[in-house]
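Given the coordinates of chain A, assemble chain B onto it according to the supplied hints.
For reference, the chains in residue letters:
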Amino acid sequence: MLDVRGLRAGYGSINVLWDVDLHFEGGRLTTIIGPNGAGKTTLLRAIMGQVACTRGEITIDGVRRDGTDTWRMPELGVAMIPEGRMVFRDMSVQENLLLGAYPVRKHAGLDQKLALAYARFPRLFERRAQLAGSLSGGEAQMLAMARGLMADPRILLIDEPSLGLAPVIVQEIFGLLGKLKTEGRTIVLVEQNTRRAVEIADQVYLMQGGKVVLSQPAKEVNLERMHERYFGR
Amino acid sequence: MQEVMRRASRHRSVALAVVIAAALYVLVPFALRGNLYLMSLVVASLTIGGIAVAWALLGNLGGLISFGHAAFFGIGSYASAILVMKSGWPIFPAMLAGGICASLAAVLVLPALRLKGPYFALAVLAYAHIFRIVATEWKALTGGAGGIGSIPRFPVLLGFDFASKTGAYWIILSLVLAFALIHFYVRNSDYGLALRAMHDSEEATRAVGVNSLLLKAMMLFLSAFMTGMVGAFNAHYINFLEPDYAFSGLWTMLPIVAAIFGGYRTITGPLVGAVVVYLLDQLVFKAVMPIGHQIMLGAMLGAMILWNAGGLLPAIAGWWRRHRGPLAPHA
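Read top to bottom, the protein sequences are chains A and B. Following the numbering used here, the numbering of the first sequence begins with 255 at its first residue and continues without gaps. Following the numbering used here, the numbering of the second sequence begins with 394 at its first residue and continues without gaps.
Just so you know, the hints here were simulated from the structure itself, not pulled from any lab data. Treat the hints with care, as some may be off.
[Stated by the list, open to error] Below, computed lysine to any residue pairings styled on SDA-like, alpha-carbon distance capped at 20 Å:
1) B:K509 - A:G266
2) A:K465 - A:R309
3) B:K509 - A:Q304
Same shape as in the complex, but just chain A:
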């Protein structure tokens, strides 16, 4: 469904991704793990068109999409869920959610979408009039996820959803990811919490130094050996 071939991308004269190849199967959860600075977030940003690609291609359903404007990606069914600190802080929780539905603009269905979001995250309903900037870290992450789901995307790019959150919240987030998977969405999950990420994933990519160094079905991944080889010092 989503394919990245020979992708080279970076920030100006600093190149980050070195000819990476990844394949994201439709309806599956693929996780990308790797140490800090491996280029995981840059990969997501390149798919979203937020980072310029200098070589290679990105295709969705076989159609080339590299070079597409970022703001067109939601129309193509792609949503990015950035880490929770990237919600619109000066706007209310509900306004954040409405913005998530901006590209769809189907106002008839907007109330149902809001209702669904609040059913998924009852906490957000209690806080709907509050400024997003006043939410706790966990609540902000919930909001980021709810906002990403407002456009009902086929492909979800999720960046470090458990970063810096309490174990209870992490539990909740991974529970939700499991549910999203059963809904048939294609999920690309970038995570530092490798154990949980591999547990929930169908396919695992390991990145290091801007390259894909390992690609394995999640069932075959041996975490101990992987940690020793790639994360150990």
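The following block gives chain B in isolation, referenced to the frame of chain A:
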């Protein structure tokens, strides 16, 4: 129940707005009848207020701070005057065309849209200088530095002389109120939501599917259009134009002072700020200190920013809430 109360409060706000508008249209000219000097000061303050509303719209909704609105003002004024005098257009359509010409000039500013904060502000300042030089040098069209004299006045319509002080007052008041209404509607639309989000993070806004560059461009066009209309109004009100006057930096500076003093995050703040600042300066500061009265203006703005950076209207609203309980949300 809540819905009923909200509707009642909205009805109250609408009723309040109608009463205020009626007072502005009828009571002000009636109270100031015969006092042509005071009336002309009010018209001048509303002229500044019109630019201030347009400037604040761009800052509020596009997140763009412009130091070059004098360019749009000047272009609108010249375009309208030239269309009336050389092409024989009626004045009101020509004023509209003046606004459109200012919007067209804003197309040239588009490359600067990718700049942020002070860089955008300075780029627009540079544009304003270019436009002023063009107006000075394109003598065949603009009459050069000598300017254009005897620009036609507002016509007599339905037996009422719009060239009178009261007529001019009604025209500029209508323009300014229309601008404020437009600002209000844009801010409360889907686009307004997206534009406000861009203050936080333009990149995150793009990621949820907002074409941020297009929206910013639309706000620039709208703001330029409004400013051009005000310029056109002024040309037919003053009946004289020269480049150094029409493109004067004062048409940028005074509206910014007014908007920030009144509260540029609000819709009516810039308008109230313009009236308060201009009338205080002309009536009080000038009387106390005939030479260098602008010093007091500067001191007043400084004091306002130090006391409440949000500006006058938010400060009053806050005071009211503390002392009298909740107020209808200020517009």
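Do the hints match the structure? See the list:
no.: 1; hint: B:K509 - A:G266; result: 19 Å, holds
no.: 2; hint: A:K465 - A:R309; result: 14 Å, holds
no.: 3; hint: B:K509 - A:Q304; result: 18 Å, holds
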